[in-house]
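*Asks:* Single-letter residue listing:
Number of protein chains: 2
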Amino acid sequence: MDEVPDPRLATGRDAIVRVVAACVCGSDLWPYRGVTKTIEPKRIGHEFVGVVERVGDDVQRIRVGDFVIAPFYDCDRTCANCRNGFSTSCLHGGWWGDDDRDGAFADGGQGERVRVPHADGSLTPVPDPAPELIPHLLTLSDVMGTGHHAAVSAGVGPGKTVVVVGDGAVGLCAVLASRRLGAERIVAMSRHEARQALAREFGATDVVAERGDEGVQAVRARFDGSGADCVLECVGTKESMDQALRSARPGGQVGYVGVPNGDPELPVRRMFSTNVGVRGGVAPVRNYIDELLPDVLSGAIQPGRVFDLELPLAEAAEGYAAMDERRAIKVLLRP
Amino acid sequence: MDEVPDPRLATGRDAIVRVVAACVCGSDLWPYRGVTKTIEPKRIGHEFVGVVERVGDDVQRIRVGDFVIAPFYDCDRTCANCRNGFSTSCLHGGWWGDDDRDGAFADGGQGERVRVPHADGSLTPVPDPAPELIPHLLTLSDVMGTGHHAAVSAGVGPGKTVVVVGDGAVGLCAVLASRRLGAERIVAMSRHEARQALAREFGATDVVAERGDEGVQAVRARFDGSGADCVLECVGTKESMDQALRSARPGGQVGYVGVPNGDPELPVRRMFSTNVGVRGGVAPVRNYIDELLPDVLSGAIQPGRVFDLELPLAEAAEGYAAMDERRAIKVLLRP
Numbered sequence: 001m002d003e004v005p006d007p008r009l010a011t012g013r014d015a016i017v018r019v020v021a022a023c024v025c026g027s028d029l030w031p032y033r034g035v036t037k038t039i040e041p042k043r044i045g046h047e048f049v050g051v052v053e054r055v056g057d058d059v060q061r062i063r064v065g066d067f068v069i070a071p072f073y074d075c076d077r078t079c080a081n082c083r084n085g086f087s088t089s090c091l092h093g094g095w096w097g098d099d100d101r102d103g104a105f106a107d108g109g110q111g112e113r114v115r116v117p118h119a120d121g122s123l124t125p126v127p128d129p130a131p132e133l134i135p136h137l138l139t140l141s142d143v144m145g146t147g148h149h150a151a152v153s154a155g156v157g158p159g160k161t162v163v164v165v166g167d168g169a170v171g172l173c174a175v176l177a178s179r180r181l182g183a184e185r186i187v188a189m190s191r192h193e194a195r196q197a198l199a200r201e202f203g204a205t206d207v208v209a210e211r212g213d214e215g216v217q218a219v220r221a222r223f224d225g226s227g228a229d230c231v232l233e234c235v236g237t238k239e240s241m242d243q244a245l246r247s248a249r250p251g252g253q254v255g256y257v258g259v260p261n262g263d264p265e266l267p268v269r270r271m272f273s274t275n276v277g278v279r280g281g282v283a284p285v286r287n288y289i290d291e292l293l294p295d296v297l298s299g300a301i302q303p304g305r306v307f308d309l310e311l312p313l314a315e316a317a318e319g320y321a322a323m324d325e326r327r328a329i330k331v332l333l334r335p
Numbered sequence: 336m337d338e339v340p341d342p343r344l345a346t347g348r349d350a351i352v353r354v355v356a357a358c359v360c361g362s363d364l365w366p367y368r369g370v371t372k373t374i375e376p377k378r379i380g381h382e383f384v385g386v387v388e389r390v391g392d393d394v395q396r397i398r399v400g401d402f403v404i405a406p407f408y409d410c411d412r413t414c415a416n417c418r419n420g421f422s423t424s425c426l427h428g429g430w431w432g433d434d435d436r437d438g439a440f441a442d443g444g445q446g447e448r449v450r451v452p453h454a455d456g457s458l459t460p461v462p463d464p465a466p467e468l469i470p471h472l473l474t475l476s477d478v479m480g481t482g483h484h485a486a487v488s489a490g491v492g493p494g495k496t497v498v499v500v501g502d503g504a505v506g507l508c509a510v511l512a513s514r515r516l517g518a519e520r521i522v523a524m525s526r527h528e529a530r531q532a533l534a535r536e537f538g539a540t541d542v543v544a545e546r547g548d549e550g551v552q553a554v555r556a557r558f559d560g561s562g563a564d565c566v567l568e569c570v571g572t573k574e575s576m577d578q579a580l581r582s583a584r585p586g587g588q589v590g591y592v593g594v595p596n597g598d599p600e601l602p603v604r605r606m607f608s609t610n611v612g613v614r615g616g617v618a619p620v621r622n623y624i625d626e627l628l629p630d631v632l633s634g635a636i637q638p639g640r641v642f643d644l645e646l647p648l649a650e651a652a653e654g655y656a657a658m659d660e661r662r663a664i665k666v667l668l669r670p
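Taken in sequence, the protein lines are chains P and E. Taken in order, the first sequence gives residues 1 to 335; the numbers are from the working numbering. Taken in order, the second sequence gives residues 336 to 670; the numbers are from the working numbering.
Keep in mind that the hints are not guaranteed to be accurate.
[Unchecked claim] Partial pick of chain P residues on the chain E-facing surface, computed with a CB cut under 8 Å:
hint	residue
1	Gln60
2	Val64
3	Asp224
4	Pro264
5	Ser273
6	Gly277
7	Gly280
None of these hints come from the bench; they were simulated from the model. Note that beta-carbon positions come from the ideal geometry of N, C-alpha and C, so glycine has one too.
Start from the sequences, fold in the hints, and give me the full structure.
*Replies:* The structure is reproduced here in structure tokens:
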């Protein structure tokens, strides 16, 4: 924890958002664990909801006082990639905490205030949300949209069979997204009792605790010795990608959203002989908010149940430790 | 060329087909060139049409005298994979010339007669085709179905933009398939004049002769600096796969049918950051015949135009040489 200067409007398209709730992402654990090196202190956190305090002169859609959801990146929603549904590839956007765009810093979300570039494109206003909705709305920043992206990328739809590899918050949201999209059977791979229970509540019909060859066999045994139509890879390691590819039936599809860690290999010859496709990547959650928000507001889905620990921002360090040690699925932070 | 014993019925589900027309596949050039080793003489050829001479006792749908199209593999069309649309992964099928299934040999198609296992599943009867239709029907054995598979795997449909990498017979059929599926713009990558011309007749709206970085730039320049919705990889080398991946827009899809040669790499980190998916493989052409045959019979598509050299079977060696030296796009052989 450190004190830093308040952010300032750098362009006419910016907004300054006071953070109401933020959270810790599995990917935040990489610098925490030293897997990615951190040379000098930097601001972190990319998931937040908050209230708009100031807007630039060119901002038209977002107003001071709005409660807003921020995706884990900024985007203008007008470029060709945004219009194609892939706002993560916005030609003018970028990432929190990593950039010095427009001559100013775009802060991390684990803080009190954030400068949001392209406020009109990036932010989604939600009129006066009830306090109990806030954790659910916060998941639309990343984790629920990312689980949904895994499902969409794998082609989940009515009647499909699904395997979800990974029981972190993204994997659990991928189970919820698969049920929401009408999957007939959903196998959650998890060896952790509390996560297994939440997976079942989110719609998993089966839980497989085995991994590796045994995990593949346990999955295939549930599908006449073959595999599932759709496999959702929500981890990002070589082992999890291998598990995913071998859990798909011939002609099936792997939707992957785990940030690739340690260069997972895609065995192109095996993919070729089995016609198993691979599709996914960094989730365009801003594009998905329009579809998912009504179900959050109605209570049809309650993705915020992945938060099993809530801490004041000042205790962020304990939040990281709890996630690192797998004592918590996902930690919500309140400034 | 060699004389071998006539094939015999080995199971009640077999048929013996007298070959009327066969052809040479680009993949047949691999053993020809020594890229894949051939230890001892073996029968070759996997694309043929012909007339049924004998059927086993359990064959019900196929009759002696039927003119039939054989796919480049056999399949029962009743197993789960066949029903899922992926008969190339038939749980009971196999490949011509490679197997000793049911205690008998399934011959190659470049010969006078072939034993066809699972005749009811594998063969498609075509009542009394006009002689001029035969080349077009023959393409449903492999090359047209494979081009169609590239398009289907890449998600080609009405209004989509398409790039086809590879100007062999499969690439040209992929152009034709893309037009048939309603693509709005089709860029054929070719530096060979005759193939460029056929690509245009098949529906290509643009031809790009450049390769590598220049090829990628020439493609992107046609799509606002981005790339196409769908890229059809019809070669199978490291270079062609790289070309394909870099020609897709963020969120685009590569459909690949080139048999992977020299382990093309799939750069998972770049795929992740751009959301470019990869899907394809060995084409389930038997499943596609039902959809494509009516358009061949009506003349709506004329995929047999890829045959620009026709030889008697006895001159097969010249057919291989002509394709190897790129003097011919694809060679039709008549026993």
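*Asks:* None of the hints should be skipped; say for each whether it holds.
*Replies:* Hints and how they fare:
no.	hint	result
1	Gln60	violated, 25 Å
2	Val64	violated, 33 Å
3	Asp224	holds, 6 Å
4	Pro264	holds, 6 Å
5	Ser273	holds, 6 Å
6	Gly277	holds, 3 Å
7	Gly280	holds, 7 Å
Checked against the numbered hints given earlier, the structure breaks hints 1 and 2 and satisfies all the rest.
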